[in-house]
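J.: If you want the building blocks of each chain, they are given just below.
2 protein chains.
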Amino acid sequence: MFGSTETPLAPVRHSRRADWAAGQAISYLMRQGVENPQCLSLAAGLVDATTLPVETVRRAAEIVLSDQAWGRHALQYGHTSGAERLRKSLLAHFAALEGRSVDDLGIELDQVILTNGSQQFLSLVAQVLLDPGDLCLVASPTYFVFLGTVAGVGAQSVCIETDESGMQPEALDAKLAELNAAGELNRVKLIYLVSDFENPSGYSLSAERRRQIVEIANKWSREQRIHILEDAAYRELRYDGDPSPSVRSCDATGESVIYAGTFSKSFSPGLRVGFGIAPNGLVEAICARKGNEDFGSAHLNQQIVATVLEEGWYVPHTNVVRMGYRTKRDALLAALDREFAGLDGVTWVRPDGGLYVWMSLPERIDTGFESSLFERASKIEQVMYVPGELCYGDESGTRPRHQMRLSFGVLDPHSLSEAVARLARAVRGVM
Amino acid sequence: MFGSTETPLAPVRHSRRADWAAGQAISYLMRQGVENPQCLSLAAGLVDATTLPVETVRRAAEIVLSDQAWGRHALQYGHTSGAERLRKSLLAHFAALEGRSVDDLGIELDQVILTNGSQQFLSLVAQVLLDPGDLCLVASPTYFVFLGTVAGVGAQSVCIETDESGMQPEALDAKLAELNAAGELNRVKLIYLVSDFENPSGYSLSAERRRQIVEIANKWSREQRIHILEDAAYRELRYDGDPSPSVRSCDATGESVIYAGTFSKSFSPGLRVGFGIAPNGLVEAICARKGNEDFGSAHLNQQIVATVLEEGWYVPHTNVVRMGYRTKRDALLAALDREFAGLDGVTWVRPDGGLYVWMSLPERIDTGFESSLFERASKIEQVMYVPGELCYGDESGTRPRHQMRLSFGVLDPHSLSEAVARLARAVRGVM
Chain A
252 MFGSTETPLA PVRHSRRADW AAGQAISYLM RQGVENPQCL SLAAGLVDAT TLPVETVRRA
312 AEIVLSDQAW GRHALQYGHT SGAERLRKSL LAHFAALEGR SVDDLGIELD QVILTNGSQQ
372 FLSLVAQVLL DPGDLCLVAS PTYFVFLGTV AGVGAQSVCI ETDESGMQPE ALDAKLAELN
432 AAGELNRVKL IYLVSDFENP SGYSLSAERR RQIVEIANKW SREQRIHILE DAAYRELRYD
492 GDPSPSVRSC DATGESVIYA GTFSKSFSPG LRVGFGIAPN GLVEAICARK GNEDFGSAHL
552 NQQIVATVLE EGWYVPHTNV VRMGYRTKRD ALLAALDREF AGLDGVTWVR PDGGLYVWMS
612 LPERIDTGFE SSLFERASKI EQVMYVPGEL CYGDESGTRP RHQMRLSFGV LDPHSLSEAV
672 ARLARAVRGV M
Chain B
252 MFGSTETPLA PVRHSRRADW AAGQAISYLM RQGVENPQCL SLAAGLVDAT TLPVETVRRA
312 AEIVLSDQAW GRHALQYGHT SGAERLRKSL LAHFAALEGR SVDDLGIELD QVILTNGSQQ
372 FLSLVAQVLL DPGDLCLVAS PTYFVFLGTV AGVGAQSVCI ETDESGMQPE ALDAKLAELN
432 AAGELNRVKL IYLVSDFENP SGYSLSAERR RQIVEIANKW SREQRIHILE DAAYRELRYD
492 GDPSPSVRSC DATGESVIYA GTFSKSFSPG LRVGFGIAPN GLVEAICARK GNEDFGSAHL
552 NQQIVATVLE EGWYVPHTNV VRMGYRTKRD ALLAALDREF AGLDGVTWVR PDGGLYVWMS
612 LPERIDTGFE SSLFERASKI EQVMYVPGEL CYGDESGTRP RHQMRLSFGV LDPHSLSEAV
672 ARLARAVRGV M
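First to last, the protein sequences are chains A and B. So in the working numbering the end of the first sequence lands on 682, straight run, no missing numbers. So in the working numbering the end of the second sequence lands on 682, straight run, no missing numbers.
Don't take every hint at face value.
[Claimed, not checked] Pulled from the structure, derived: some chain A residues nowhere near chain B, Cβ distances all over 12 Å: (1) C290; (2) V298; (3) T400; (4) S495; (5) T569; (6) R573; (7) A592; (8) D595; (9) E614; (10) E621; (11) K630; (12) R650; (13) P664; (14) E669; (15) A672.
[To be verified] Covered stretches of chain A, as calculated for chain B (at least 3 residues, CB under 8 Å): (16) 263-269; (17) 310-316; (18) 363-372; (19) 386-395; (20) 446-452; (21) 504-517; (22) 525-537.
Don't read these hints as lab results, they were simulated from the structure. No residue lacks a Cβ here, since even glycine has one placed at the ideal position from N, Cα and C.
In isolation and in its complexed conformation, chain A is listed as follows (with noise of 0.2 Å):
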């Protein structure tokens, strides 16, 4: 015998990466909206279930199953990077987005790389990038899950003022002199923005600055090449107004800009299918590391996408989408100029696209998970919202607390307008 199973248990001790990224709000609040359908979401991140492609996967899928070898294939390891198929089907989406040709986007098919959602890609691309104690400059507000990324992997956010045409370029600069006058420029890995309809502000990055900040970051890349990693979740959601080319393509390298892009707002979250194009100095670096954690995402999945687009399906049905999402919106900027007349101080952000309606508060009022009209909204008027504070970087001076991100991707037109009723009753509750 070795010893005794009656020894009393040993702690655990876990690494510092996993302390990195304990107690972040997207499970908790992921969870809220799946198990607490009584409760009115204006807080999940969930899509409209109606407007989930279930007749078009499904005749996708008896196409990919329906043929032996196909399917074989399909139900088979795939590449690291994903099916070759897809990709190219993707580049030539994305060069649509762009109104340019894919022979004209300079890009080679080993720099797209499928993930599971763009999540596992910003995570890729976080780890590959930043090391414990690195800087990411971003946007403020900004999108909190990758604010957990940057902290998942122990570096640090820095807020740079943001107005309605996205992160300002005066201030980035200025920024980055302060860094490199502090001997501190060599921490700064990366630039986070989300170009359109930014979660959640809704504010989109104008033509002018995408090329700017590109400049920046070029200018500023002095003994390390500082990235810009550019989320275009939003891209294709865009209810009014004329789309803007990418910051990618303000990039004439190809080798600054890191895009990512999803098929889960547009199409369906369930089937995890998100990609990102890579420069071709990060390619290697991103597939080792996926190749370490799952060796490639699901080949059947990738299979009933690229089945989708080559069919011609997808087009038509983000025309749909978008048209439902913008009667959406409508209906809450609606509910909210109608609940919330008279009420001083309150604003809120008419977003041209995306998901979010930024509200805020005047500034006495805290909107945290541990304010009072938190408590009130959740437990007695029975809705929920995103507390504003989660939005913000780690270096963001003073961080707002009175503000709210309002998201009209689950409720539908009515339960949109019953919500603002409860969320106006719990507010004047509190002022």
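With the hints as your guide, set chain B onto chain A.
T.: Below, chain B alone, put in the same frame as chain A:
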């Protein structure tokens, strides 16, 4: 203007983690298997295409997607830890493999975590337990991809002497005593075991050793827990002899052993549905890390596999799969008996299950990627194998270089016979 885009580009600096993950053999080997159909592959870890359950998956997908509500549910985001329905079915299936009732297992549903194949689960465990410089004790030889996973978080793998009954408890105990005497015990976080038909050796851990290794881990868990990670990937691919209960079932508290399982080998790798059963003390950390990486694996695929289990289609399928692989194992062994007859110093293991035959040549014959044998085999004879030296950990004393892993996963019996004839010609050529 903030600068010029004509500035020469600064060099890219990867994170240390990216450097740790670089240059691993798995991507190279998988690509060989997929891209070189003219080269007979005894290397590829792909499964036999003829075993892939195309019709079964087609029917399951049809069931899930023919129902509008169920289809929408499957195409929506799920929980980070995966669909409850599949986790329930899995627990029942696991209980059946153990010959126990679900109640008797004492495992809560939230201890079951669904991942992108079991590789993601192994990677998550490595991430939440191993800091750079930490140690993971492994069999000698062991699964080379997991060695890459350990290296990918900056930790080191330490080889423990191994024989046909698996890792030697006495050697494990002696190594832990040695590390303790050197004041290094606090670096040891994990013992990794492939309990059935180890990849590459084909060895299974005897029932007695399963108990002993749990005792040893508990005995040396002084200031902190030493967890055991049991990789049961090949458990359901047994062709001879009686199954043993898992190492997990030797763990009275359920807090020391982490169990990893998969549907990739017994059903379909292209679905990327794997799972782990984690001790309570690790569930939250693993889910938090997974939340950072992808918010959860493909929900549709989980619903498909749950349907397959609930309809009772899974177990009959594995019976067919086993019969096919058994025939192929026998074909490979018969070809080895025939083709290597009279070659002194060439030996191989006759495995009771799994997908691999482990072969040793005389010590003077190098089998590595750079060796003349590998060159002759892959270029002249057109046959691929996995060099044995890949399968030894970082701290392995003198790393043996005269072995090879032969897989009977992909090729049919006739091609296996031809591949062995080619390999024997290559070996005779260098001897």
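J.: Each hint: holds or not?
T.: Quick rundown of the hints versus the structure:
For C290/A, the shortest C-beta to C-beta distance to chain B comes to about 17 Å, beyond the 12 Å cut-off, and the non-interface label holds. With 12 Å as the threshold on Cβ separation, the claim that V298/A sits away from chain B is violated: the shortest Cβ distance comes to roughly 7 Å. Residue placement check: T400/A does not keep its beta carbon more than 12 Å from all beta carbons of chain B (closest about 5 Å). The beta carbon of S495/A sits about 18 Å from the closest Cβ of chain B, which is more than 12 Å, so the claim that it is off the interface holds.
For T569/A, the condition that its CB be more than 12 Å from all CB atoms of chain B holds, with the nearest at approximately 15 Å. Residue-level check passed: R573/A sits 18 Å from the nearest beta carbon of chain B, beyond 12 Å. For A592/A, the non-interface assignment is confirmed: its Cβ lies about 35 Å from the closest Cβ of chain B, beyond the 12 Å cut-off. No Cβ of chain B approaches the Cβ of D595/A within 12 Å, the least distance being about 38 Å, so the stated non-interface status holds.
Once the 12 Å rule is applied to beta carbons, E614/A is consistent with being away from chain B; the minimum gap is 31 Å. The Cβ of E621/A sits about 20 Å from the closest Cβ of chain B, beyond the 12 Å cut-off, so the non-interface label holds. At the 12 Å boundary, the C-beta of K630/A stays outside the reach of chain B, the nearest C-beta of that chain being 23 Å off. With a least beta-carbon separation of about 21 Å from chain B, R650/A lies farther than 12 Å from that chain, consistent with its non-interface assignment.
Here P664/A stays apart from chain B, with its beta-carbon at least about 18 Å from theirs, past the 12 Å limit. Its beta-carbon lying about 22 Å from the closest one in chain B, E669/A satisfies the requirement of being farther than 12 Å from that chain. Separation of A672/A from chain B is adequate, the least Cβ-Cβ distance of about 26 Å exceeding the 12 Å criterion. Closer than 8 Å: that is the beta-carbon criterion, and the region 263-269 of chain A has 7 residues meeting it against chain B, so the requirement of 3 holds.
Counting residues of the region 310-316 of chain A whose C-beta lies closer than 8 Å to any C-beta of chain B gives 3; at least three are required, and the coverage claim holds. For the region 363-372 of chain A, the assignment as covered by chain B holds, since 5 residues bring a beta-carbon within under 8 Å of that chain's beta-carbons and 3 suffice. Using a Cβ-Cβ cut-off of 8 Å, 0 residues of the region 386-395 of chain A lie near chain B, which falls short of the minimum of three, so the contact claim is violated. Under the rule that three or more residues need a Cβ within less than 8 Å of chain B, the assignment of the region 446-452 of chain A is violated, with 0 such residues.
Look at the region 504-517 of chain A against chain B: 4 of its residues bring a Cβ nearer than 8 Å to a Cβ of that chain, three or more, so the hint holds. Here's how the region 525-537 of chain A fares: 5 of its residues keep a CB closer than 8 Å to some CB of chain B, so the rule of at least three is met and the hint holds.
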